[in-house]
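Novice: Chain by chain, the residues run as shown.
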Amino acid sequence: MADRPSTTRRSAPGAPAVRVDLRGQLPALEPERHVSDWGRSERVESLVDRTAGEFLYRLWFRVAVEGIEHVPARGGALLVSNHAGALPPDALMIAKAIREEHPAPRPLYLTAEHVFKGYPGLSMLLAKVGAVPAHPANVQRLLWDEQQLVLTFPEGRMGTAKLYKDRYRLRRFGRGGFAQAAMRARAPIVPVAVVGAEEAQPVFAHLRVLERLTGLPAVPLTPTFPLLGPLGALAYLPAKFTIRFLEPIATDTLGDAPWEDQVLVQSVAHDVRARIQDELDDMLAARGSVWLG
Amino acid sequence: MGARRILITGVATHWGGALARALEADPGIETIVGVDREDPVVELERTEFVRMGPHHRLLERIVRAAAIDTVVDTRLTVDSAFAGARAAHENNVIATAELLAACSSADAPPALVFKSSAHWYGCNQDDPAYFTEDMARRHPPRTALERDIVEAEAAVAAYAERHPGCAVAVLRFANVLGPGLRTSHTDVLGLPAVPAILGFDPRCQFIHEDDVVGVLAHAANGGLHGVFNAAADGVLAWSEVAGLLGKLPAPVLAPWGTGLSAAALRPLGIRIPPEMLRQLRFGRALDNRTLKATGYRYRFTTREAVLKLREHRPLRSRAGEPYRYEREVEEFLRRSPAVRGALAAAGPEVRRLERESAFDALEAEEVVAVLDALDAPSLRALRAHEAANAARPRLLAAIDALIADG
Chain C
8 MADRPSTTRR SAPGAPAVRV DLRGQLPALE PERHVSDWGR SERVESLVDR
58 TAGEFLYRLW FRVAVEGIEH VPARGGALLV SNHAGALPPD ALMIAKAIRE
108 EHPAPRPLYL TAEHVFKGYP GLSMLLAKVG AVPAHPANVQ RLLWDEQQLV
158 LTFPEGRMGT AKLYKDRYRL RRFGRGGFAQ AAMRARAPIV PVAVVGAEEA
208 QPVFAHLRVL ERLTGLPAVP LTPTFPLLGP LGALAYLPAK FTIRFLEPIA
258 TDTLGDAPWE DQVLVQSVAH DVRARIQDEL DDMLAARGSV WLG
Chain V
-11 MGARRILITG VATHWGGALA RALEADPGIE TIVGVDREDP VVELERTEFV
39 RMGPHHRLLE RIVRAAAIDT VVDTRLTVDS AFAGARAAHE NNVIATAELL
89 AACSSADAPP ALVFKSSAHW YGCNQDDPAY FTEDMARRHP PRTALERDIV
139 EAEAAVAAYA ERHPGCAVAV LRFANVLGPG LRTSHTDVLG LPAVPAILGF
189 DPRCQFIHED DVVGVLAHAA NGGLHGVFNA AADGVLAWSE VAGLLGKLPA
239 PVLAPWGTGL SAAALRPLGI RIPPEMLRQL RFGRALDNRT LKATGYRYRF
289 TTREAVLKLR EHRPLRSRAG EPYRYEREVE EFLRRSPAVR GALAAAGPEV
339 RRLERESAFD ALEAEEVVAV LDALDAPSLR ALRAHEAANA ARPRLLAAID
389 ALIADG
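Chains C and V are the protein sequences, given in the same order.
Counting in our numbering, the first sequence runs from 8 upward without gaps.
Counting in our numbering, the second sequence runs from -11 upward without gaps.
Where hints are given, some of them may not hold.
Stated by the list, open to error - Here are the computed lysine to any residue pairs in the SDA-like style, where the Cα-Cα straight-line distance is at most 25 Å: (1) V:Lys235 with V:Val358; (2) V:Lys235 with C:Arg50; (3) V:Lys296 with C:Leu33.
The hints are simulated quantities; they were obtained by calculation from the structure and are not laboratory data.
In this text, all values refer to a predicted model and were calculated from it rather than measured experimentally.
Okay, chain C solo, but in the shape it has when bound:
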């Protein structure tokens, strides 16, 4: 029990907390089903993968992948990436890269702000392709209990709201919640640097008036949106993508209950951010052309 992380549970109102490992009690898989307990649908996912995923990955963005061996073949791991684009294509491309290049392909879960659960259509579609609301309990269950791969964008909405002139300058990484989640689950953090997404859908400005009128979280001005109507939001420029997976950062060697140490949490978060930023700077310096790489 010493080096085993565990969940804290209240045994009774007012009673002291007990620590138990409940991983043995996870529900068994039902092979007849096509939808997972998280609402992820095999059919929808493979449809998106075979159509939009295949086209964007091979022809449109011509994705180059480096360091795929840094994604662990088993056990939970938290992938942390930079984020860009009004409707970001980076998550789809990272998931596709793991499916295509990894020797033991694994499903990737994506944390998304719970706002998506409120939009008709989007709430349905995102859950079906593997998005889960970014709740600490969800990340803990995926990383620790189910030992899955989770992708998170700590910049969150600040990353997608960033203007073209600020491209590849990482925003702050929130309060370090992602580092805390990884520590709690004793899962390694795999930093991911993505080049290309900023140019695929540059945001020139935000139309605040339309935001207020529609109630949408963001109404960006891109080369095609709102000029070409709603579908313009899905139009990407054919920038060359490079995805680089960096060396994992272990979180199980940081002592007992490191997630309670705010200083340690912040320094791990800063470390991850700095690594991604450095890598992005290197990749940009080495890049000859936005479109050809």
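Given chain C, put chain V in place with the hints provided.
Specialist: Here is chain V on its own, set in the frame of chain C:
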């Protein structure tokens, strides 16, 4: 060690009656006393029934006199479509307070098993995918029923705090499905198409009615202390539930103004309570592992609970012959000890004969109405039986048509 002298409050409810019957089969339980305002709906063998309202003085006298060591409370109203707000408040808040007062003033405060509901968690956009028992509510209750359930549980928690030596188990049940049960969910799933909110496909989790009784009996046997989620393994998408029932989801509820479009369905006899409307938007699932860790094994997964519901629903009619649902006939064929007992005791041959003699007593029209539920061999057997006995031409023709159909 375990609870040996049990008091069941709400024995006239579906759950109280079912639990009493389950406990009667356990020889280790010495005494079962059931109290309620009305007569129990099921036949009870050795449960002693006392007809009384929830008055703490009366209850306390029973607890004291019968030396009750465990009280199992099964009364909670959890479906606002089947009870008025006022009646639900009376039952959930006031009567719970009376019960707790009765337990507190007994010489030895008895252990308590409180049947609560996952409505305690509510249903909100920023919910986790799985609620665990230690999660606090982050939002104030949104509906009257939720408010009452939160209040009732707070009173139970206070009781547990006042009596530290006393085991208090609070069981938060997910939505229940079962052929013997009528809830808002079974009503909605029984419609020809399953209503949904346009653009939403929420995750949902159920528990089979047998598991509800199983969990209550498990808790009544003692040893449980704390809050426990009770929900079957597996979480389905709402569209998946519709698919398992062989139906299409019908997005008849508007994503905005959902309450209004639900109100528009009322004249059609479709009642969707506000709690369920929220679930149809955001979904809800519980982490059931704490209860599993105490040794309870669920008999059905969520998927199996939905499939069970399908088995017991009247099958769709073939073209041209509108299916007539005869409640009494269906009830008899599915639940009568004559039919079911034979099923358990004897082989399929005897069971078929029993079924056939049941058919003899029915009018031809009534038999025709249930023919759809039979498979080909049973149809042929019934044809032979009918030809040899009553030989009603109307019935023979109907059977022939079905056999020809395959």
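Novice: For every hint, state whether the structure bears it out.
Specialist: Hints versus structure:
Of the supplied pair hints, the one linking Lys235 of chain V and Val358 of chain V holds, its CA atoms being roughly 21 Å apart against a limit of 25 Å. Restraint check for Lys235 of chain V and Arg50 of chain C: the C-alpha separation of about 19 Å stays at or below 25 Å, so the hint holds. Of the supplied pair hints, the one linking Lys296 of chain V and Leu33 of chain C holds, its CA atoms being roughly 23 Å apart against a limit of 25 Å.
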